[in-house]
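Student: Given next are the chains, with one letter for each unit.
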Amino acid sequence: MASREIAQYPSSTRRVLSVATIIFIAFYLLWTLLPFLIMFLSSFKDLLDAFQLPAPGDWGGVSLLFTFEPTTKHFENLFVDLNFGTYLGNSLIASLGSAAVSVVLGSFAAYALSRFDFRGKNDLFFWIISTRMAPVVAVLVPLYAIFRSLDLIGTLPGLILAYTTFNLPFAIWILKGFFDNVPYAVEEAAMCDGATRLQALRMILPLVAPGIGAFLVLCVLFGWNDYLFASIIGSGGAKTLPPATIGLVQPQNIQWGSIMAAGVVTTVPMLFLGLLIRRYLVAGLTMGAVRE
Amino acid sequence: MVAVNIQSVWKYYGKTVAVKDLNLLCRENSFLAILGPSGCGKSSTLRMLAGLEHISAGDIFFGEQRVNMLPPKDRDIAMVFENYALYPHKTVFENMANPLRLRGVDKAEIDRRVKAAAAMLQIDALLDRKPMQLSGGQKQRTAIGRAIVREPKVFLFDEPIAHLDAKLRAHMRGELKHLQRRLETTTIYVTHDQLEAMSMADNIAVMHEGVLQQFGTPSEIYNHPANEWVAGFVGEPPMNFLNCRLELTSEGVVAVHPACRIRLNDAQRRILEEKQAEPDVKLGIRPDNIAYRAGANSGLDIPATVFVTENLGGDMIVEVTLGDDRLTIKTKIGPIANLDDPCTIAFDVSRIHLFSTTTGVAYF
Ligand SMILES: Nc1ncnc2c1ncn2[C@@H]1O[C@H](COP(=O)(O)OP(=O)(O)O)[C@@H](O)[C@H]1O
Ligand SMILES: [Mg+2]
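Protein chains in written order, with the numbering used here: chain G, 1 to 292; chain X, 1001 to 1364.
A hint or two may mislead.
As the list claims (entries may be wrong) - Below, in silico cross-link-like pairs of lysine to aspartate or glutamate (DMTMM-like), each with a Cα-Cα straight-line distance of 20 Å or less:
| # | chain 1 | residue 1 | chain 2 | residue 2 |
| --- | --- | --- | --- | --- |
| 1 | X | K1330 | X | E1319 |
| 2 | X | K1282 | X | D1266 |
| 3 | X | K1332 | X | D1288 |
| 4 | X | K1090 | X | D1111 |
| 5 | X | K1330 | X | D1340 |
| 6 | X | K1282 | X | D1348 |
| 7 | X | K1130 | G | E187 |
| 8 | X | K1015 | G | D117 |
| 9 | X | K1090 | G | E187 |
Unchecked claim - Rough simulated footprint, nothing fancy, chain G against chain X, three-plus residues with beta-carbon under 8 Å:
| # | region |
| --- | --- |
| 10 | 1074 to 1085 |
| 11 | 1097 to 1104 |
In case anyone wonders, no lab produced these hints; they're calculated from the structure. Idealized CB from N, CA, C, for every residue including glycine.
Construct the entire structure; sequences and hints are all you get.
Tutor: Below, the structure written as structure tokens:
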């Protein structure tokens, strides 16, 4: 793509395609956003209101979804009676902590792998990614044994470490690609300009920032949405939101309202994270640095 | 300012030898051009001078100081990269200001120097653009600007104007040379373009396949090429070569070619005797040193036939066939000859070069 100004010429296929695209996007949005809307609305509804559903095919009955007396009692239940504040905090610390550790260590490792040649580099690189090839459940048992002997079960550092074992190899693998895309000549120019090696690295950081930002979100999401590690390694002292939400399903009493509210509590922070990070996710920054 | 002294420097990339036992001296405040075809090790040499490339063997001195182990920032150099290497996320102004900022120059001074350099490079209207919005030539000028805002000990230029159009290139040759004369900064300038080297440099180092072929002033390189390779590389159109055999006759030493006999002068004869030349030689003569007249029996010594004529405006290039060889002749414009027209030519004997066929080394 040489220019931002791409010439487009009208044709009948293009018109049909653009209408089809709009229809597809409309359906797709409905499909993906409706569950969230219902979850959000239900979390503010009394149980009776929540089960007021229109009959299939009764389009007029859709208004039923929106007629209710808003109540915050489910949220009160979560935070006052059920300790969800702590779980929310645990979730935040575990996922952000692991993401930060993975991205910082991963960036340095990826930079080194991208810029330096040393013996066994390819083998090392392959070994790093091969640690991600086994499914999570396969390593869970040995990991549990190791963590127990280190007294890390049920602690936040333990959970952060567990997530990092999984995020870090992935971080190195992905971030190396981002560093590879930045021509080394840019750093060389910086060093000739009078920068130290580290200053030169800082100089190119803005160029990999979109990659790092995007990957940070992926790492946070991995920890945030994880259930398996959280329920086994975090059980007890480091309970996070997913296991806590499952805890609301009891044999005699499924607390639908609170489950919906817990869903909202789990979704909203990630929504904000996405908005916050969005402006850093600008691709194509490296274009024009060197003559190809 | 400092002298730059390269002593027995080698550069290996794995098994590839890029630079072989290079010895070069760039005197204080002088302008040295490293000239050679692509892949001959020019950039490798420059990058070792900058400190970007490990020196496989040998030493580099800036003045008295051995710089082998000095990182680029401590060498006080400014380099222009072959591929620009601009900061893509910074504007032209910020790109050029960067070396000054890193050295803590104050803001007003940065502003002044960047604007002065931009004006000289004719990019003052582009200071707010990012590299992506620039043409190749504009990027290259930005890269030059980034180097010349400072007054370093040594300028290192790696084909800095290779991608400009012809007119701008001519302009930049003058500007860069003027700048170097005014600042009196030791400058090492890498190029594959002999015109740049000839017109700008105090000294030229000609390289071929990692080996230094000749070091000398532009006129030495042009008038006294050290070997057949340099003779063929420098000069446009390139030098003509004829395989000849030397014969000692009553008239003196004669270079015999199947289609002509050329009597050498006494000075040349003495040199050949001194150097004990072998009888088989390669005779070289530049296109400007052959006289040409159209028509059979037009008065010059050697009869030949026209292969093609090219009109250059004021001059013309005539290619003629002489036996099995073809010669290029550059002469004042005259009537354009047809293919296979007869003509006569004559060699300016004092401008002839002879090279050994076995080693390629010049006898004279
Ligand atoms: N980083 C490198 N790795 C391996 N070989 C290289 C590298 N850089 C240059 N070379 C080789 O070294 C030789 C000289 O290259 P270079 O110094 O770039 O030549 P020039 O600048 O005169 O075109 C070439 O044969 C090139 O292929
Ligand atoms: Mg080069």
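Student: Are the hints correct? Go through all of them and say.
Tutor: Comparing the hints with the structure gives:
1. K1330(X) - E1319(X): With a Cα-Cα distance of about 9 Å, the restraint between K1330(X) and E1319(X) holds, given a limit of 20 Å.
2. K1282(X) - D1266(X): 19 Å, holds
3. K1332(X) - D1288(X): 10 Å, holds
4. K1090(X) - D1111(X): Between K1090(X) and D1111(X) the Cα gap is close to 15 Å, so the pair holds against 20 Å.
5. K1330(X) - D1340(X): 18 Å, holds
6. K1282(X) - D1348(X): 16 Å, holds
7. K1130(X) - E187(G): 17 Å, holds
8. K1015(X) - D117(G): Measuring from Cα to Cα gives roughly 15 Å; hence the hint holds.
9. K1090(X) - E187(G): 14 Å, holds
10. 1074 to 1085: holds (count 8)
11. 1097 to 1104: holds (count 4)
Of the numbered hints given earlier, the model fails none.
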